[in-house]
Amino acid sequence: MSDIMENPPQERLFEAPPLAEQERMVEAILFASAEPVTVAELNARMPHGCEAEHALEELRYRYEGRGVRVVKVGEAWAIRTAPDLGHLMQKETVETRKLSRAAIETLAIVAYHQPVTRAEIEEIRGVSVSRGTVDQLLELEWIRFGRRRMTPGRPVTYVVTQTFLDHFGLESARDLPGLKELRAAGLLDNRPPPGREVEADAQPEMFDED
Amino acid sequence: MSDIMENPPQERLFEAPPLAEQERMVEAILFASAEPVTVAELNARMPHGCEAEHALEELRYRYEGRGVRVVKVGEAWAIRTAPDLGHLMQKETVETRKLSRAAIETLAIVAYHQPVTRAEIEEIRGVSVSRGTVDQLLELEWIRFGRRRMTPGRPVTYVVTQTFLDHFGLESARDLPGLKELRAAGLLDNRPPPGREVEADAQPEMFDED
Amino acid sequence: MPDTGNVEHLNTAVAERVAAEALIVELDGFEGPLDLLLTLGRTQKVDLRQISVLALARQYLAFVERAKELRIELAADYLVMAAWLAFLKSRLLLPPDPKDEGPSGEELAAHLAFQLERLQAMREAAAQLMARDQLGRDVFARGIPEDVERVRQVRYTATLLDLMQAYARIRTKDEFRPFVMDRDKVMTMEQALDRMRHLIGFAGEWTDLSSYMPEGWEVDPERRRSAAAAHFAASLELVKAGHVELRQGETFAPIQIRKRTANV
Numbered sequence: 001m002s003d004i005m006e007n008p009p010q011e012r013l014f015e016a017p018p019l020a021e022q023e024r025m026v027e028a029i030l031f032a033s034a035e036p037v038t039v040a041e042l043n044a045r046m047p048h049g050c051e052a053e054h055a056l057e058e059l060r061y062r063y064e065g066r067g068v069r070v071v072k073v074g075e076a077w078a079i080r081t082a083p084d085l086g087h088l089m090q091k092e093t094v095e096t097r098k099l100s101r102a103a104i105e106t107l108a109i110v111a112y113h114q115p116v117t118r119a120e121i122e123e124i125r126g127v128s129v130s131r132g133t134v135d136q137l138l139e140l141e142w143i144r145f146g147r148r149r150m151t152p153g154r155p156v157t158y159v160v161t162q163t164f165l166d167h168f169g170l171e172s173a174r175d176l177p178g179l180k181e182l183r184a185a186g187l188l189d190n191r192p193p194p195g196r197e198v199e200a201d202a203q204p205e206m207f208d209e210d
Numbered sequence: 001m002s003d004i005m006e007n008p009p010q011e012r013l014f015e016a017p018p019l020a021e022q023e024r025m026v027e028a029i030l031f032a033s034a035e036p037v038t039v040a041e042l043n044a045r046m047p048h049g050c051e052a053e054h055a056l057e058e059l060r061y062r063y064e065g066r067g068v069r070v071v072k073v074g075e076a077w078a079i080r081t082a083p084d085l086g087h088l089m090q091k092e093t094v095e096t097r098k099l100s101r102a103a104i105e106t107l108a109i110v111a112y113h114q115p116v117t118r119a120e121i122e123e124i125r126g127v128s129v130s131r132g133t134v135d136q137l138l139e140l141e142w143i144r145f146g147r148r149r150m151t152p153g154r155p156v157t158y159v160v161t162q163t164f165l166d167h168f169g170l171e172s173a174r175d176l177p178g179l180k181e182l183r184a185a186g187l188l189d190n191r192p193p194p195g196r197e198v199e200a201d202a203q204p205e206m207f208d209e210d
Numbered sequence: 001m002p003d004t005g006n007v008e009h010l011n012t013a014v015a016e017r018v019a020a021e022a023l024i025v026e027l028d029g030f031e032g033p034l035d036l037l038l039t040l041g042r043t044q045k046v047d048l049r050q051i052s053v054l055a056l057a058r059q060y061l062a063f064v065e066r067a068k069e070l071r072i073e074l075a076a077d078y079l080v081m082a083a084w085l086a087f088l089k090s091r092l093l094l095p096p097d098p099k100d101e102g103p104s105g106e107e108l109a110a111h112l113a114f115q116l117e118r119l120q121a122m123r124e125a126a127a128q129l130m131a132r133d134q135l136g137r138d139v140f141a142r143g144i145p146e147d148v149e150r151v152r153q154v155r156y157t158a159t160l161l162d163l164m165q166a167y168a169r170i171r172t173k174d175e176f177r178p179f180v181m182d183r184d185k186v187m188t189m190e191q192a193l194d195r196m197r198h199l200i201g202f203a204g205e206w207t208d209l210s211s212y213m214p215e216g217w218e219v220d221p222e223r224r225r226s227a228a229a230a231h232f233a234a235s236l237e238l239v240k241a242g243h244v245e246l247r248q249g250e251t252f253a254p255i256q257i258r259k260r261t262a263n264v
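Chains as they are written, first to last, in the UniProt record's numbering: chain V, 1 to 210; chain Y, 1 to 210; chain E, 1 to 264.
This is chain V alone, in the form it adopts within the complex:
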């Protein structure tokens, strides 16, 4: 792999396969994987000189309107069944764990306010967040630890994951439903209660990790 990267383009010994062939390769790799595959990994697995990004666009176009779709998940790509055909699938194997209301709300708060600290989640919900709730979301790999906040106590923050995006069919956290409206309405602001000092950098940059 490293060899490939070290070779400057002008020293290419072989021509890259034609785009149609690259598309077939991307198709095969995406079909074979249940998990989204990153562009970097596609390029690494395909022959030297291939441009997965380009082939992906072609492939995505080709599958439009078909029974399966090529979808983008963060920096990765996956093939998923078309949502309108979900009723044909056998669901007995799926059995999504029932999430508590607390867990669902906590998840939404992490998604819309990320990176967010536990204290901020509690402030928004008005109740303390139980360890189990956060653990459940971590276990589902829907949230993960982000960078620590540079405020006293250096609290950990939570952000949503690629698995979360994949699960809810989102290309990125920016595509969350109603995100723009919520932001415009100031509802994603970290507004401290009046009378309390505003910490200089308590105002998080949204989605700066994406």
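None of these hints come from the bench; they were simulated from the model.
It is possible that some hints are incorrect.
[To be verified] Coverage of chain Y stretches by chain V, computed from C-beta distances (three or more under 8 Å per stretch; other residues unrestricted):
| hint | region |
| --- | --- |
| 1 | 67-81 |
| 2 | 84-90 |
[Stated by the list, open to error] With a straight-line cut-off of 30 Å between C-alpha atoms, the simulated DSSO-like cross-links for lysine-lysine are:
| hint | chain 1 | residue 1 | chain 2 | residue 2 |
| --- | --- | --- | --- | --- |
| 3 | E | Lys89 | E | Lys45 |
| 4 | E | Lys68 | E | Lys99 |
| 5 | E | Lys240 | E | Lys259 |
| 6 | E | Lys99 | E | Lys185 |
| 7 | V | Lys72 | Y | Lys91 |
| 8 | V | Lys180 | E | Lys45 |
Just so it is clear, CB atoms sit at the ideal spot from N, CA and C, and this is done for glycine as well.
Please arrange chains Y and E on chain V, whose structure you already have, making use of the hints.
Frame of chain V, contents of chains Y and E only:
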């Protein structure tokens, strides 16, 4: 689904979906199923009036020459990677590692004293040579078996290979710098680590055959 | 927040008490005071942005009072909220005290309204999120993923320099051997002891220690010295162990040795 199945054919309320739609359904079902699916199962899962067999033929035709194919597995059907792309299902990671001290010393002894038996290598190094070390060098194709020594037990000897010479940029093993040159190059100045006893009788009569 | 006339106030008070009682029934369903406040706020049937915080505070306090009458134990945070709302209510109703530096009643009310609106917004967002097509429910991944075989190729490297240094290392070890060669003129006490242990069984009579010296060590003075010293030290060891007796007639006289028979 069960409702649909319970309806006897003569009571059809709806037209069967168009063939293109049926093809989409077959595509999605084959993609998502954990096991190959029989035509009977397809028909059972698709809306009433569908003809999976026909849709399957269409789908199979559509995937001809693509990165994945619709293949028959026993009596059932599945989507599989095109055989010519099987090599993409491997993820190669190349790790570069330094050869261990034992291996490099053993290699050096073979290079300078070839053909040499394992017992002789052990005598020179003063420690036993593990099977793994020799195997590793054989696997790297840097050493190979030479002729057997015509002494009791007829021990095998080791010699260096062309691959070895290529790797180290040598014309022949005779090009290796001798002790004098090593000394001149300042390579002989290192003293053995203190505390390492040299046994008096580790001094063998070496290389009597060379 | 239009305040009400007395009659109207009485009517709302009754309505609030009825509402409070209804809420108490489902108290377990609330996730804390903010959740309860949000539910109360919704009964105002207005956009949360135009909510009357004063009315909300009244509703909440009525709820807490009703709970008290019904002898229902409320969790501490409900009571804390009640105290805070009572404070807020007084702030909103009384003319502002110019000496007070804290936030005004309006500011506090605005923040509470913001909190309620934000919580409501997050609930709606959560509902929208859960209503999306979900993987494994509406959308499906590949059922038979083909395992990607991980081929880990380890490439070992060594340079010619490594090779030469390794060889030099080994050969330097050999070059140390001259020191070993020197030691062929040295006999250790262990070596002497080893010899004497075997020979001592035959020494019933007093024998000169020098006669125990090994052959070939008596000519070369260096070797003789070393062997003599080693044997003397060894014989002392044997005495200590109770195997032999040792004697010397006078200074520089020959040292004599014999097996100790009377032992045990």
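Hints, one by one, checked against the model:
Note: the region 67-81 of chain Y has 4 residues with beta-carbon separation from chain V under 8 Å; the three-residue rule is met and the coverage holds. Here the region 84-90 of chain Y counts 4 residues with a CB under 8 Å from a CB of chain V, which clears the bar of 3, and the coverage holds. Between Lys89(E) and Lys45(E) the alpha-carbon distance is near 21 Å, which keeps this suggested pair within the 30 Å criterion. Of the pairs offered as hints, the one joining Lys68(E) and Lys99(E) is violated, with about 35 Å between alpha carbons and a cut-off of 30 Å exceeded.
Annotation: proposed proximity of Lys240(E) to Lys259(E) holds, straight-line Cα distance about 13 Å (limit 30 Å). For a cut-off of 30 Å, the pair hint linking Lys99(E) to Lys185(E) is broken: about 105 Å separates their Cα positions. For the hint linking Lys72(V) to Lys91(Y), the alpha-carbon distance of about 21 Å falls within 30 Å, and the restraint holds. Straight-line distance between C-alpha atoms of Lys180(V) and Lys45(E) comes to about 26 Å, which keeps the hinted pair within the 30 Å bound.
Checked against the numbered hints given earlier, this structure breaks hints 4 and 6; the rest are met.
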